[in-house]
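Peer 1: Each residue of the first sequence is one higher than the one before, starting from 32 at the first, in this note's numbering.
Certain hints may be false.
[Said to hold, decoys possible] Capping the alpha-carbon separation at 30 Å, the derived lysine-lysine pairs in DSS-like fashion look like this:
# : residue 1 : residue 2
1 : LYS71     : LYS57
2 : LYS183    : LYS208
3 : LYS134    : LYS178
4 : LYS116    : LYS34
5 : LYS348    : LYS388
6 : LYS143    : LYS183
7 : LYS178    : LYS71
8 : LYS263    : LYS134
[Claimed, not checked] Pair by pair, the computed Cβ-Cβ distance ranges are:
#  : residue 1 : residue 2 : range
9  : PRO296    : THR353    : 53 to 63 Å
10 : ASP256    : LYS34     : 28 to 38 Å
11 : GLU384    : PRO296    : 30 to 40 Å
Hint data in this document are derived by calculation from the structure and do not stem from the laboratory. Here the structure is a predicted model, which means the values were calculated and not measured. Glycine included, every Cβ here is placed at the ideal spot set by N, Cα and C.
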Amino acid sequence: MLKFDIEKRDGLARVGVIHTPHGDIKTPAFVGAATRATVKALTMKQMNELGSQAILANTYHLILRPGVELIKEAGGLAEFCSWHKPTFTDSGGFQIFSLPDVKITEESVKFKSHIDGANFEITPESSMQAQWAIGADIHMAFDHLAKSEDKKDMEEAMHRTHRWLDRCVAEHQRIIKDVTWAGDETGRGPQNVLRSKNFGEGKVSAGPAQMQYLYAVVQGGTFNDLRAKSAKYCAGQPVDGFGIGGVFTADGMDEMLKTVNSILPEDKPRHLLGMGQEPLDLFVGAEFGCDTFDCVGPTRMARNGSLYTYDGRINIKNAKYTHDFSQLMPDCDCECCKNYTKAYLHHLFKTDEITAKVLASIHNEHFVVSVTDQIRQSLLDGTFQNYKKSFLARYYK
RNA sequence: GCUGGAGUCGUCUAGUGGCAAUGACAAGAGACUGUAAAUCUCUCGCGCUUCGCGCUUCGUUGGUUCGAGUCCAACCUCCAGCA
32 MLKFDIEKRD GLARVGVIHT PHGDIKTPAF VGAATRATVK ALTMKQMNEL
82 GSQAILANTY HLILRPGVEL IKEAGGLAEF CSWHKPTFTD SGGFQIFSLP
132 DVKITEESVK FKSHIDGANF EITPESSMQA QWAIGADIHM AFDHLAKSED
182 KKDMEEAMHR THRWLDRCVA EHQRIIKDVT WAGDETGRGP QNVLRSKNFG
232 EGKVSAGPAQ MQYLYAVVQG GTFNDLRAKS AKYCAGQPVD GFGIGGVFTA
282 DGMDEMLKTV NSILPEDKPR HLLGMGQEPL DLFVGAEFGC DTFDCVGPTR
332 MARNGSLYTY DGRINIKNAK YTHDFSQLMP DCDCECCKNY TKAYLHHLFK
382 TDEITAKVLA SIHNEHFVVS VTDQIRQSLL DGTFQNYKKS FLARYYK
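Using the sequences and the hints given, assemble the complete structure.
Peer 2: This is the structure we're talking about:
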């Protein structure tokens, strides 16, 4: 089992440490979205320096390119992308939701590669195998997000997610059993041999011989009775933690999280999938018992010129910043804010320089990482409610 | 001076008798939440009571025509060639 120590509780909120083979994650923590084994526009050194504790890559994207075999050959995700800290992989389940023309059956999901149209198929088992080959510390179960808001569709997707979870758990445990472990759980050993019908004829070897962990994913959309059902189902599984999926807005998230996180076992970590673009998401998520977050929003918005400040987001491309030689966020100690003015960032964006996206990404990623870190600190200090109130009042004024 | 070509929104450009007039860029603004996103959307002659109306536009001035950016004439400017 994944080790998770809780240092302090405050209602549903908790401050803890997740101990992974690649190191600790002090929670609550914001996990960087590294879909294709890179946080867009940033080097891992920059990610490290801005304070990121972990990254999350995407199984779907890595299956397409470069292929999970190559990542295994490189020594696993962490070695491949040179991120020597904790890693997560998402299962590819989200792509069922986001891609057009996916065929979902009980057995599998079939889709065409968005790159070259090639046919692909992912099953709960093959997602597990792929994630083991990629070798992240924490894997997500292969889940199904309903495309419609209809309750019937939601319920059906939820039940399928549960049935698939059984298969994910079984495959995960089978893989663990089949692996010939060398040394202890955290040591790297020889490549392990796995059997797979999806990734090579006879055998596929997993990444480094170190333990990898599985999170179940809670679904149920905006229906709290479904959320409760899903949380109960997931809670009963022999998994290491939980992803909470299918959340798209902070509206109603507090009630939903109260429902879900009151049911999920306290001693296992919870990851709020895909949320964190809005600071509100982080405050509400942490307050109601989530330990980690990931979101593409901060880096995507950075590339598009939308930058966080304590007074809300600004669009640095706006003409009013042409002659603004002040810092983006005077209190910020990121590389961007410490060295450059708004006028310079404005200029880089207007001239479409690559560095614009780099500096903006450093800032935005640092912003969400450090806000989450401060949420952690305020929970430890017992000042969370004050911090939340003053932060949100200023940010959303 | 002669001959040929060209002058359309900030720029380049489409348009050869019935459109305030194409596309691109620039400019202005907005969106973005488990990344098919270095993306996408909107505005971009002027003024309004702005899912519509009015006015003024395609080098200039006239002309032909019900109607001209489109045809004709003269002029102005630019380019090329010849003197």
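Peer 1: Each hint should be assessed against the structure and marked as holding or not.
Peer 2: So, going through the hints one by one against the coordinates:
no.	hint	result
1	LYS71 - LYS57	holds, 24 Å
2	LYS183 - LYS208	violated, 38 Å
3	LYS134 - LYS178	holds, 12 Å
4	LYS116 - LYS34	holds, 16 Å
5	LYS348 - LYS388	holds, 12 Å
6	LYS143 - LYS183	holds, 27 Å
7	LYS178 - LYS71	holds, 27 Å
8	LYS263 - LYS134	holds, 28 Å
9	PRO296 - THR353: 53 to 63 Å	holds, 54 Å
10	ASP256 - LYS34: 28 to 38 Å	holds, 33 Å
11	GLU384 - PRO296: 30 to 40 Å	violated, 49 Å
In this structure, the earlier hints numbered 2 and 11 are contradicted, and the remaining ones agree with it.
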